[in-house]
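Novice: Protein chains in written order, with the working numbering: chain A, 1 to 556; chain B, 1 to 206; chain C, 1 to 340.
Derived by calculation from the structure, the hints in this document are not laboratory data. Treat the hints loosely; a few may be bogus.
[What the hints assert, rightly or not] Looking from chain A toward chain B, a few residues come up when the C-beta cut is under 7 Å (computed):
no. : residue
1   : 220
2   : 249
3   : 548
4   : 549
All C-beta atoms in this analysis are idealised placements derived from N, C-alpha and C, irrespective of residue type, glycine included.
Given next are the chains, with one letter for each unit.
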Amino acid sequence: MSLAPPAHPFENATHDGSGRRFGLTAMLHTWTTSVDHKQIGILYILMSLVFLVIGGIEALLMRWQLFFPRAEVLAPNTFNQLFTMHGTTMIFFVGMPILIGLGNYLVPLMIGARDMAFPRLNAFGFWITLFGGLLVYFSFATGGAPAIGWFAYAPLTEQTFARGPATDFWALGLLISGIGTIAAAVNFVATILAMRAPGMTMRKLPFFVWTMLWTAVQMLFALPPLTAALVMILFDRQLGAHFFDVQNGGSAYLWQHLFWFFGHPEVYILILPVFGMISEVIPVFSRKVLFGYEFMAAATVAIVFISMGVWAHHMFCVGMSRTLDLVFAAASLLVSIPTGIKFFNWLATMFGGRIRFASPMLFACGFLSMFVIGGLTGIMLASVPLDFQLSDSYFVVGHFHWVLIGGTLFGTFAGIYYWYPKMTGRMLSERLARWQFWLLYIGFILTFGPMHVSGMLGMPRRIYTYDPDRGWALWNQLTTLGALIQTPSYAIFVYNLVASWRNGTPAGDDPWDAWTLEWTTTSPPPSYNFEELPVVHSRRPLWDAKHPEDPDWQYE
Amino acid sequence: MTTATHTFPSPPPLVAEQGLCAAQWGMVAFLVSEVAFFSTLIVTYVTFLGQDTVGPTPAEALSLPLVIGTTICLVSSSVLIHGAQLAIEHGRQRLFSFLWAGTIALGIAFLVGTAVEWRELIVDHQLTIGRNLFGTTYYTLVGFHGLHVTGGVIAMTVVLGLALSRNVTRDNCISAQLVAWYWHFVDVVWIVVFLVVYVGGRGGGL
Amino acid sequence: MEAIHPGTLLAASETATQNLSIFAPASPAAQSIQDLAILTGAIFALILVLVEGILLYNIWRFRARAEVTAEPAQVYGSQPVEIAWTTAPTLIVFFLILAITRTLWQAKAAQPAPQLDDHALFVKVIGHQWWWEYRYETYDGRPLNFTTANELHMPVSETGQPRRVHLTLESADVCHSFWVPRLNGKMDLLPGRTNYLMLETELPGLFLGQCAEYCGDQHANMLLRVIVEPPAEFERWLANESAPAAENVAVQTGREAFMAESCVNCHRIRGTPAEGTFGPDLTHLMSRQTLASGEIPNSPENLTDWIHNPQTTKPGCLMPAFDLSETRLEAIVNYLLTLR
Ligand code: HEA
Ligand code: HEA
Ligand code: CUA
Ligand SMILES: [Cu+2]
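Let the hints inform the model, and build the full structure from the sequences given.
Specialist: Here you go:
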């Protein structure tokens with residue numbers, strides 16, 4: 001049997017010259033039945049991008065309604081459905097899958113493995129995640145989406161207050177996609193712990209792989225409580241159980257604890273892989289080794305564990321005791337120490353380097369300059385008494401978009417610009433990248449900056465309308481304007497992905513002169529990744545190969 | 001720097017790593033998530049303990065003798081399955097199949113016991129999931145555990161089938177090992193459930 | 001608050017801009033929170049300038065130049081430096097925790113019991129989808145025992161003579177949150193739990209806020225109005241509210257119509273057979289400046305529109321339209337207009 005590489009996943013369907021129709025069905029067939037980690041990774045990413053556009057359109061509709069005070073663009077209930085679906089979509093069907101997808105594509109390549117540990121489980125995870133997303137959206141077809149907010153506070157989710165099947169679809173969809181996420185996490189743990197190339201000890205893992213490992217661990221701890229809580233909602237609604245049925249002794253308070261015990265770790269699930277990607281991009285484009293790898297690695301673990309003890313900072317206004325308030329505030333503030341370590345190490349990595357501002361680095365700098373602001377507003381929210389004022393106001397909305405877009409999304413863009421050449425064999429257009437970056441950067445600041453102001457001026461979140469006498473109109477108008485400036489940047493991105501895939505300049509194996517294993521194989525890699533399993537002696541195997549006179553393993 | 005050097009430094013020799021294989025790590029990771037899942041259900045059970053305004057209370061409804069019986073079944077099944085594993089490690093396939101079948105039988109006995117218990121609760125005590133908070137949390141917790149036992153019994157039956165067709169051997173017993181781990185886990189969860197629901201939750205003491 | 005005006009112009013509003021800013025505190029609690037906000041804001045600014053400064057310096061100073069091609073020196077890390085930048089944030093965090101503790105103990109106190117001559121007002125606040133019920137319990141230790149809705153009246157404090165308002169917060173259905181930014185931070189109303197919040201201000205006047213926890217369709221119109229009055233005026237208001245509804249023979253037909261309609265199932269008018277508690281107490285409806293939880297001014301036209309069809313004003317609200325005939329509607333409105 002010969003191991004001749006089949007044409008790469010994009011090619012075997014479109015360029016086989018045997019007629020277009022046959023090509024298309026063949027392509028669909030390959031993709032839907034694939035158990036190859038690279039194809040599954042790409043499917044995850046594509047799915048996330050589709051949901052990003054859907055979630056973004058939902059956001060634009062909300063912004064349209066909020067442009068004028070007392071506007072009547074959307075019915076109240078429609079608005080409420082939109083923010084519920086927007087939040088749910090962005091967190092569960094954009095943020096998580098895009099990171100899982102990148103991890104799926106990259107982890108085996110970066111550790112020198114031929115696939116994930118359980119390829120079929122991997123495919124199962126993707127399809128069930130997608131199915132969960134479709135199920136949540138199916139509620140639109142049943143007379144309206146859920147209008148419960150993405151954290152679905154009880155008892156608003158009980159049959160009494162949420163009639164109709166929308167809430168059931170929501171709970172079922174998240175439950176199912178959560179199982180997919182757990183499957184992915186199991187796969188990451190097994191792959192990273194047991195399938196590393198010879199010589200790649202745990203201390204020599206590429207940093208992105210290290211963060212994916214801990215993200216997976218965090219998923220294993222955080223998602224099952226959500227699954228359990230969703231089961232409780234479904235039992236309440238379908239079987240007449242009383243978990244959150246306050247009239248019969250159930251507890252609204254319990255739901256909040258269960259949800260946020262998932263919900264807070266969830267936001268770190270959305271940022272840790274990004275920390276990993278940034279830690280790959282910054283060294284390569286600064287031409288320096290990552291500063292303080294061990295401290296960075298330890299900080300990652302610290303974040304995972306501390307963040308499992310801070311959940312009630314989302315609940316400062318439910319009337320906990322002052323002692324509890326203080327404990328959770330202190331724990332939340334502690335997170336800033338390991339996060340700070342990361343920041344300073346990135347800055348130190350850049351320091352003294354020779355920085356190339358190619359698109360990945362541009363987005364990495366966008367990340368550095370923006371995420372710190374979101375982190376600091378987080379610190380303000382964690383200052384309990386201040387949160388009594390800011391909680392559930394637009395300040396919070398400002399905070400979390402700042403970390404989710406300025407953090408997760410900017411970082412993900414950096415990652416996609418960095419690895420797209422590996423995935424497709426083509427470079428993305430730098431010119432379009434710059435347009436995308438600046439439109440996003442400016443639009444983003446303009447959208448979410450004013451939200452902090454309107455929050456401090458007393459504007460609560462999740463309101464479909466507001467009175468003209470409140471003085472919030474200007475800030476809302478700026479926000480809407482910002483959203484309009486952002487919009488083309490996403491369109492440019494999508495266009496860039498599509499156009500460069502066909503016409504981009506060929507990339508070669510190692511376009512960025514980088515140091516980790518994925519750059520040793522072809523772009524795109526063959527289905528078996530490596531012809532010969534690589535042997536590794538340091539964290540930067542390609543540095544060793546490129547500088548045999550002064551290899552890394554001497555210093556680690 | 002790059003003056004044509006003669007010898008490049010050569011890396012230290014690789015030390016082969018020892019550890020679990022991928023499938024084992026996969027099972028460990030899966031069990032971690034299961035721990036998180038059951039912890040949530042148990043915490044919820046404890047939260048609602050004694051919060052009911054309508055009966056029956058755990059003390060009224062739950063009777064111990066039957067449950068002690070099912071508990072003994074499950075605990076001893078853990079012993080049996082451990083024996084089965086020792087057997088296969090020593091290559092004694094017949095003994096393995098025998099002990100393994102015994103484990104399955106005990107698992108089924110546990111399920112039958114649970115069914116009898118539930119029948120009693122529903123018929124004699126009118127305790128349903130919608131009756132009160134006790135019913136809500138009790139059926140959810142014990143039900144999910146029972147579901148896991150059922151899953152375990154099915155998985156064990158599959159392995160038994162493999163064993164009978166001589167596909168489980170000393171060198172090929174990973175599936176048996178993983179199922180055994182899972183079974184031990186289900187057993188440990190039951191011990192916690194037993195202590196929380198039947199011992200502590202009934203108002204203390206046997 | 002100068003910055004707001006262009007926005008209001010843009011929005012073409014006729015009314016003067018109301019102030020709901022957390023930076024316009026009118027009470028000791030809101031004041032101490034503002035102080036904390038300024039402190040954390042200052043620390044925030046410092047760290048921000050530091051981080052962005054270093055970042056910009058790096059970008060400017062270490063940008064790749066064409067003439068250099070060699071790889072820069074590889075620096076793998078430095079333990080002392082790592083320890084330094086672990087310690088510095090740790091100290092900041094420690095300092096912040098101290099500041100937070102102090103403010104927390106100022107802003108969140110325990111609820112006292114009512115006592116004779118304590119100059120304190122005790123009100124039970126019950127959140128409903130989408131309006132507020134206020135049960136006045138005691139003032140100065142005197143029992144009050146009347147219920148009103150949507151507009152909270154309270155006495156003003158004077159230097160040396162605080163008149164505190166102790167709110168007991170509960171919910172009749174889903175979670176809500178009581179938030180009047182200038183008077184205090186927010187506190188949630190959860191079904192099945194009882195919370196506590198204290199208000200106190202030396203500034204008479206109107207303070208606005210609104211429900212801050214998403215509670216369904218009309219969360220946006222669950223507005224809060226707190227009217228702070230001098231003690232004498234407040235006493236007058238109390239006396240008026242405590243009395244049963246005014247009877248007026250001139251609106252007898254309207255009264256009968258009201259009692260014959262299903263209104264009585266949901267609304268109470270003290271001194272009449274109307275004993276419903278699902279909707280706001282209407283005993284002294286006309287003493288309120290607004291209707292429907294602050295959404296619209298309380299004018300006869302608005303009242304007529306409201307009773308004709310509440311769903312056009314507040315879509316989704318829990319009061320249905322009744323298809324009343326023109327005359328019956330007018331009669332009921334006329335009756336309600338006498339409930340001063
Ligand atoms: C990517 C996601 C992400 C990230 C990384 C964070 C990071 C943090 N968040 Fe955020 N947060 C969200 C996503 C995220 N958050 C979301 C989605 C919500 C709202 C959910 C909802 O209600 O819908 C939320 C809400 C939220 C609240 C609740 C507000 C409320 O509803 O009342 C709080 C309160 O404490 C909080 C705090 C923090 C803190 C302390 C951090 C810290 O981790 C930040 C740490 C980082 C830094 C501090 C910057 C770098 C550090 C240095 C440069 C060192 C020096 C600094 C110091 C010494 C201070 N967040
Ligand atoms: C990763 C997460 C994420 C992202 C990226 C975003 C992105 C955006 N969000 Fe989102 N948001 C949340 C997560 C996120 N949000 C969450 C969790 C909530 C809380 C929900 C709740 O309260 O329950 C929330 C809530 C929320 C609110 C508050 C609603 C309320 O409380 O009433 C608002 C209001 O303005 C808002 C606005 C926006 C805007 C304008 C964007 C913009 O950045 C979006 C821009 C994107 C687009 C506009 C895409 C359009 C692209 C195209 C159209 C391309 C064209 C197509 C082709 C060429 C094919 N968001
Ligand atoms: Cu009540 Cu929002
Ligand atoms: Cu959080």
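Novice: So, for every hint listed, does it hold in this structure?
Specialist: Right, here's what the structure says about each hint:
1. 220: 4 Å, holds
2. 249: 5 Å, holds
3. 548: Given a least distance of 4 Å, the restraint on residue 548 (chain A) holds.
4. 549: 5 Å, holds
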